[in-house]
Amino acid sequence: MIPAAFDYVRAGSVDEAVRVLGERGEDAKVLAGGQSLIPLLRLRLSYPEVVVDVGRVEEMHGVREDGEHLVIGAMTTHAEVIDSDLVRTHCGLLSEATETVADPAVRHRGTFGGSLAHADPAGDLPAVALALDAEFVIAGSGGRRTVPAQGFFVDYLQTAVGADEVLVEVRLPKLGAGWGHRYEKFHRVAQSWAIVGVAAVVHRSNGSIDQARIGLTNMGPTPLRASAVEQALSGADVSGIGAAAEHAADDTSPASDLGGAADYRQHLARVLTRRAVSAAAGG
Amino acid sequence: MVHISVTVDGAQTQHDVEPRLLLVHYLRERVGKVGTPVGCDTSNCGACTVLLDGKSVKSCSVLAVQADGSEITTIEGLANGEWHPVQSAFKECHALQCGYCTPGMIMASVDLLNSNPSPSEEEIRAGLEGNLCRCTGYQNIVKAVQTAAAQGGAR
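Chains as they are written, first to last, in this note's numbering: chain A, 1 to 283; chain Z, 1001 to 1155.
A couple of the hints might just be wrong.
[Claimed, not checked] Not everything, but these chain Z residues come out facing chain A in the computed CB check (under 8 Å):
| no. | residue |
| --- | --- |
| 1 | E1018 |
| 2 | P1019 |
| 3 | R1020 |
| 4 | D1041 |
| 5 | S1043 |
| 6 | G1046 |
| 7 | T1049 |
| 8 | K1055 |
| 9 | S1056 |
| 10 | V1062 |
| 11 | V1065 |
| 12 | Q1066 |
| 13 | A1108 |
| 14 | G1127 |
| 15 | G1130 |
[What the hints assert, rightly or not] Counterexamples of contact, computed for chain A against chain Z with all Cβ distances above 12 Å:
| no. | residue |
| --- | --- |
| 16 | E23 |
| 17 | G151 |
| 18 | R171 |
| 19 | G259 |
[Stated by the list, open to error] Stretch-level coverage of chain A by chain Z, calculated; a stretch enters the list once three of its residues show a Cβ under 8 Å from a Cβ in chain Z:
| no. | segment |
| --- | --- |
| 20 | 29-42 |
| 21 | 97-104 |
The hints are simulated quantities; they were obtained by calculation from the structure and are not laboratory data.
The beta-carbon is built from N, C-alpha and C at its ideal position, and this holds for glycine as well.
Looking at chain Z on its own, in the form it has when it is part of the complex (with noise of 0.2 Å):
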């Protein structure tokens, strides 16, 4: 076992964990963050993203250990007292179906958001290619992205 401390939420939490143990199921089994779903498991769909330092990271294809002494960011840990911008805007637009890869298009919207407040479509979309939705909902996500750059999405 290896001892990690990690900020999760603002939150400063502790364990014990074993070296094979992934991000993604230290967030949820650990430290009760299930916002944060497991999709296709092999780092293609980008349901898992959380940010690690600030950056986008496929929280299927991280360990444990590896984020010791790293601030994370889950779905759960983006409103503030009231939802992110890029929330709202996912809410305004319509800018999901089922909604599994929701977390993950928040995650990744709102790091692409951070470096880059007012993208083309263009890079929209390239800022998302590893983020998929199966219900072919692009165009509302599209959407919302620009929506929420439009607010001032990048807080």
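Chain A on its own, in the form it takes in the complex (with noise of 0.2 Å):
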């Protein structure tokens, strides 16, 4: 299987990749690491004019910190993010779920920013994006804009960035005492996509649960939070998780396809946002 010829351009810099996106984007796709584009190019079901590759944009790469955040750089490989200390110490729900993302050989290319501008529903980064409360700084011809994660994600593989935009960076406040993490993945051998993903963070205070975030992976055509989840547990302790892990599949829309029917996708979550929160909470 052979991609169909494109021209390629070989960005030095975020300016340079806006003003070519600026003058062919509806024709553009942009190249990051590749391991979800490159087989869709394979496959033809991409067929760009010219791609783009961002891939070696210095500004792109690396964590660091910002006061009370963390900016990961579009091109951080997955890779790089599961090394980070940075990561791990401040946003532990991020390095515990890019350890779930397909295998090593494709952590090595795959980046966070393309896996997330990519936006696949059964993608484990996009849900946990949401559960982060991320911001994406995305940058186009007037300049630089930042978009939260609940306007990010807009439909099934669309997301804010314009044609003529690149994602050129993702914020993440930083986590800090009192919060846990836990992301739960069911499928079904190693290295395939979620059927369901449940990413949970919890924060206790006096021994009961006052703030929790959950991201939904591959319950409707973008991640999705569980609001009504997290309002029921809000105020609760750790018995009334079961309570309000029921509320997980309200309000979505799973596919029915070879990895299961939506109601068994609805059960799953229900299961997975208890095992979750229930991890998160450290209950």
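Using the hints, build the complex out of the two chains.
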């Protein structure tokens, strides 16, 4: 399987990428690590006229601290995220979930930003970004703008990143003391996509849960927040987790496919949410 | 066409390539490194695994232009006068049946041992999760990696 022919531009900077996308955005695809795009090119499910490779843009690599936030360059690979002590210390959910992405060889090439911009609802990291309240810094010809996680994932494989824009970095609020986390991923065999995944961060204070954020993987065309569960958990103690988790499938519309029927996915969401929140709450 | 310069198994190579050329096809058809097979061609099986700047990658999911300026090690470049300890261990432990997955299995094992010289059985299985063996030879493959580790397989 050989991709259709395309022009190739290796961008040296964000500005250069934005300039090329401004000229040819509708016919262009941005190439990060290529672990989603190259299979699509090979299958000819995607056939852009020009591929803009941002993989070597220095500014888009690495993890840094900015006050109460961690800033992760979009081209930081999954392997680099896993190896980052900053991520493990301040956003442990991301370290934990990234370890479950695909396999080691894919994690050496695939990037945090590429996986988010690809926005596959079965991908692990979009739901994690929701649970971590991420902010997305997007560059375009008019400058840079910041989009909250709730506004980033628009539809199936569609994000707020326009055809003439590129995702530069992602800002994650640091989680301090009292926060716990867990990513529960249900899949049949190693390295396969999640049938359902649940990303949970929970804050406990004086024995009860005062804040919880829960992201759902593969429960609809976009990653979702389990808002009804979050509300039910607010002020609850650990004995209330089971009842709250019963709301995990509220307002979801998962697909029925070879991985599982929609009602099976909704069952999984409830079970995995109970497990994830219990683990995150240390209960 | 894009001009690329890549070091493959220690030898510098330069070619003009189409941007759509996959690294595995570049290695096999332009450089002649046919030791690296094309397996599933869908990034699942790992048969085409090579080391790119020392890290395992599936060469069917990398464009040759992305490898410009990099150093590639294929199965053909592992032996250094004598077999690499992982190659020897695969032979000793009979860690293959048909052999199709073997080049990728060995490259992934080398990468695993480079980052974790004495992995547990669980770590070996997790480290090789991106490589499929359809002869179901995993048991002996795990033994081979353990044997190589015991013999200082991280070289």
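Hints versus structure:
For Z:E1018, the interface hint holds, the least distance from its beta-carbon to any beta-carbon of chain A being 7 Å, beneath 8 Å. Annotation: interface hint on Z:P1019 holds; nearest CB of chain A at approximately 3 Å, less than 8 Å. The interface hint given for Z:R1020 holds, since its Cβ lies 4 Å from the closest Cβ of chain A, which is under the 8 Å cut-off. Look at Z:D1041: its Cβ gets to within about 5 Å of chain A, closer than 8 Å, so that hint holds up.
A hinted interface residue such as Z:S1043 counts as satisfied when its beta carbon comes closer than 8 Å to some beta carbon of chain A; here the least separation is about 5 Å, so the hint holds. About 6 Å separates the beta-carbon of Z:G1046 from the nearest beta-carbon of chain A, less than 8 Å, and the hint is met. Given the 8 Å rule on beta carbons, the hint for Z:T1049 holds: about 6 Å separates it from the nearest Cβ of chain A. With a least beta-carbon distance of about 4 Å to chain A, the hint placing Z:K1055 at the interface is held under the 8 Å criterion.
The criterion of a C-beta within 8 Å of any C-beta in chain A is met by Z:S1056, whose closest approach is roughly 4 Å, and the hint holds. Hint status for Z:V1062: holds, given a least beta-carbon distance of 7 Å to chain A, under 8 Å. Taken as an interface hint, Z:V1065 checks out: its beta carbon lies about 6 Å from the nearest beta carbon of chain A, inside 8 Å. About 6 Å separates the beta-carbon of Z:Q1066 from the nearest beta-carbon of chain A, less than 8 Å, and the hint is met.
Below 8 Å, beta-carbon pairs count as interface contacts, and Z:A1108 has one with chain A at about 7 Å; its hint therefore holds. Contact between Z:G1127 and chain A, as hinted, is supported at the beta carbon level, the nearest pair being about 6 Å apart and thus within 8 Å. Checking Z:G1130 against chain A by beta carbon gives a least distance of about 3 Å; that is within 8 Å, so the hint holds. The beta carbon of A:E23 sits about 17 Å from the closest Cβ of chain Z, which is more than 12 Å, so the claim that it is off the interface holds.
The non-interface label for A:G151 is consistent with chain Z: the shortest C-beta to C-beta separation is roughly 31 Å, beyond 12 Å. The claim that A:R171 is not at the interface with chain Z holds, since no C-beta of that chain comes within 12 Å of its own (minimum 27 Å). The beta carbon of A:G259 is kept farther than 12 Å from every beta carbon of chain Z, the shortest such distance being approximately 15 Å. Given as covered by chain Z, the segment 29-42 of chain A passes the check, having 7 residues with a CB less than 8 Å from a CB of that chain where 3 are the minimum.
With 3 residues carrying a beta carbon less than 8 Å from a beta carbon of chain Z, the segment 97-104 of chain A meets the three-residue requirement, and the given coverage holds.
Violated hints: none; the structure is consistent with every hint.
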